[in-house]
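Line by line, the protein sequences give chains A and B.
Residue 29 in this note's numbering sits at position 24 of the first sequence, with consecutive numbering throughout.
Residue 871 in this note's numbering sits at position 57 of the second sequence, with consecutive numbering throughout.
Source of the hints: derived by calculation from the structure; they are not laboratory data.
From the three backbone atoms N, C-alpha and C, an ideal C-beta is built for every residue, glycine too.
Possibly wrong hints are sitting among the right ones.
[Unchecked claim] Just so you have them, the derived chain A footprint on chain B, three or more residues with Cβ under 8 Å:
1) 995-1002
2) 1077-1085
3) 1149-1160
[Stated by the list, open to error] Taking lysine to any residue and the SDA-like style, the derived pairs with C-alpha atoms no more than 20 Å apart in a straight line are:
4) A:K106 - B:T842
5) B:K1158 - A:S82
6) A:K106 - B:R1135
7) B:K1158 - A:D102
8) B:K1158 - A:G103
[Stated by the list, open to error] So these bits of chain B aren't anywhere near chain A, every CB distance computed over 12 Å:
9) G857
10) N881
11) R955
12) D1062
13) D1108
14) E1166
15) W1167
16) V1208
17) A1222
18) G1243
19) P1257
20) T1309
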Amino acid sequence: MKLLVTFSKKAGRKPIIAQVVKDTGVLINVERALIDSSEGEALIDIPDDMCQIVREKMANLGATVRLLDREISIDESECVDCGACVSICPQEVFYLDGDWKLSIHQGRCVLCGRCITACPHGALSQLGEP
Amino acid sequence: MEKYSRCMEKSIALINERIRDGNAHVVTADQMPAIVAELGEEGALAEVDVVTTGTFGAMCSSGAFLNFGHAEPPIRMERVWLNDVEAYGGIAAVDAYIGATQQSDTQGEEYGGAHVIEEFVSGRSIELRAMSKGTDCYPRRTIATELLLEDLNQAVMCNPRNAYQRYNAATNSSDRLLHTYMGTLLPSFGNITYSGAGTLNPISNDPKFRVIGGGVPIFLGGGKGMVIGEGTQHSPGGGFGTLMVTGDMKGMDPGFVRAATMHGYGVTLYVGVGIPLPVVDIGVVRSTAVRDEDIEVDIMDYGIPQRSRPSLRKTTYAELRSGTIELSGEDVRTSSLSSYRRAKAVAVALKEWVVRGEMLMAAPTRPIDPSRVARPMHETARTPRVLDIMDKKVVTIGQDELIREAAARLLKGETNHLPVIGDEGKLVGIVTTYDISKAVVNPSKGSKVRDIMKRHVVTTTPDEAVDIAVQKLERYNISALPVVDMENHVIAMLTAMNLGKLFGGRWLK
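Chain A with its partners taken away, still in its complex shape (with noise of 0.2 Å):
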C-alpha cells in the first residue's frame, strides 16, 4: 500500500520516517523522496495491513498522510493506444494487452510524473487532478 507523507514546515526537521520505523518497526520503503530545508513529501510503501498503525503515528508526529490506492489514470476519451508511455516509465507500469490496448499494472507507480507530460494526447493524469 503506497502513501504520500507531505512534512510541514517544523516537522521537516524532525526524522518522522526513522522515528516511524523505530517505533512500529514496520519496514518502510521510500520510493520517491523530495526533502528540503522547509519542507519535503515521500512516496512509500508499507505492507497492507499495517497501514493505519503507519498513518496514525505519522499524522501524530506533524505529516499530512494521503492514501494512494489508484496512483495514474487514463482518461479512455483522449487516449488513443498508441504506447508512448509504455517505455519512458521507469516502472515499466504500462503495457499494451492482446488486443494493444493501453493497460496499467497497478501499484506499481510511484508519481514521478514522467508519463504525464510525455503523452502526446494529454490523456494520463494524477489521481485527485482534473
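Given chain A's structure and the hints, the job is docking chain B onto it.
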C-alpha cells in the same frame, strides 16, 4: 463462391460487380499472410477480392482548406486566426488553409491547428478572427465570429504528406533527456520509439504502387477521401514512400482525427488513413502477404544533432512490437507512437464499407513513381562551421603543474579558459579563472592543476556547425569550448568572443 481457373487475373470491374452484389470477400491486411500460407498465392487470388489497410499515427504534414463565405459588408481576409491559431490567408478573400502544426499565438504548444481541426470535426465552435487593409470592393477591415463546421461552405482536408511507408526508429546516445517528434527519448539509450502500422501500412502492402495512385478512394479521418498522388518527400526508392491525400472534413470522425502535442517539440495531428487494395493479380497477393518481420527500419541515434544521424542497427516492426530490443548487449524497451489498435480499427471500418457496398475500387488515374528518391535541401549559403571562427591560438597546461603556473599562463595568454593536457597530449580537463580564484580562497584542495580541474569537458570539433556549438554553450551555461580532433588533442578554442566573427558580414546576406 464460384472458383476461377489457375493463373487468372481479376479485373477491377469484376471485383466491383462482386462488391455491388454483396459477394466480395474482403479481409484486413494483417490476415493476408496466414491466408496466403494456407491457400497458396493462386488460392488467395481466387479467394480474396479486396485487402484493406490502415494506419493511425502522427502526421504533421496535414491541414485543411476552409471557405467561410462572404460577410456583410464583405472582407478580403489577409490574416486569419482560428481560436488564436493563424491560418494561411493568402488565397483570395474568404479561403484559408489551417496547418496542423501551426501553434496558437496565446497557448503555445498546448494548442494548434491540429486542435482546431479536431474541434471542428467534433462539432465544437471555433472563433474566427480576420483583418484586412480594406479595398473598394471589400471595405471591411476586421471580423470576428463563431463558426461550426456546418457553417463552412467547404472544409477540405488536404494533407501533403501522409501514410509514410515506414519510419526509422529513434534512440538517444547522449546524456540528456531529448524531446523530439519521435517522443521522449531517455538518455544513454534508455528507450527506443517507433511509428508505423507495419503489416497494415497501405504502401508497405503495395510498395510498387501497382494499385495505389492518384484518384484511388481511401478512408481518411473516418470519412471518405482519395489519394491525390505522391506525397511530399516521397522517397519509395529508399523504402519511404508517402501519399498526398484529401477528404471532406464534414464526413470525418473525431476518433480518427486527433490533435496531439509532442512535449518540447510541438503540435501534430494523428490521422487515420486506410486504402482498400483490389486483389487483381498474383503481384497484389504477394505484396499484401507482407508481415511485420519483413519490414525493416533503422534505429537512428537522435543524440547526434545532424541530418544524417548514424544508424545503430537494423530492426523490424515485429521486433519493435515485441516490447524490447537488444542494443549493444542490453535489452532496451520500445514504445510505439502510432496506435496499432486504431490502425486495425481503420482497416476494419474500411472492410465494412466495402462489404456493405459503400466503397468501390478504382484504378489509379495518375500513377505514382515507385523509384523516386527525395533529395536534401540545395543550400546556396554555406552554414558556418566551428573551423571558420575558432581561435587557433591555444594556451594549455599540464595536469601536474602548479596552480600558480596556471594563473600565470591565464594572465599571459589573456584568456579565461585553460585546457588541461594529460599524458599523450590528450585533453583531460579544464581550469578557468574562476577555479583558480576558488583555489586561492580555499587552498586545502591541493596545489596542482589536477586537484582543481573540471574533468567533464564539453568539447566541439572543427566541422561541427556553429549553431550546434552555440547550443552547447547555452545548455551548459559556459563561455568556451575546446576544439578537439579525432584523438582528443586540443587544436583550437571556440569562445563566446569568436561568435562575433559571424556578424562581420561574411555570414550574413
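Verification of the hints:
1. 995-1002: holds (count 3)
2. 1077-1085: Coverage by chain A holds here, the residue count being 3 at a Cβ distance below 8 Å.
3. 1149-1160: holds (count 9)
4. A:K106 - B:T842: 19 Å, holds
5. B:K1158 - A:S82: 18 Å, holds
6. A:K106 - B:R1135: With Cα atoms ~13 Å apart, K106 of chain A and R1135 of chain B stay inside 20 Å; holds.
7. B:K1158 - A:D102: Holds, at about 14 Å.
8. B:K1158 - A:G103: 13 Å, holds
9. G857: The claim stands: G857 of chain B keeps its Cβ more than 12 Å from every Cβ of chain A (closest is about 29 Å).
10. N881: Nearest chain A Cβ is 29 Å from N881 of chain B, so the label holds.
11. R955: Holds: least Cβ distance 37 Å, greater than 12 Å.
12. D1062: 22 Å, holds
13. D1108: About 20 Å separates D1108 of chain B from the closest Cβ of chain A, which puts it past 12 Å; holds.
14. E1166: 18 Å, holds
15. W1167: With a cut-off of 12 Å, W1167 of chain B remains clear of chain A, as the shortest Cβ separation is near 21 Å.
16. V1208: It holds; V1208 of chain B is separated from chain A by about 41 Å at its closest Cβ, greater than 12 Å.
17. A1222: Check passes; 42 Å lies beyond 12 Å.
18. G1243: Check passes; 31 Å lies beyond 12 Å.
19. P1257: 30 Å, holds
20. T1309: T1309 of chain B clear of chain A: closest Cβ-Cβ about 35 Å, beyond 12 Å.
Consistency note: the structure conflicts with none of the earlier hints.
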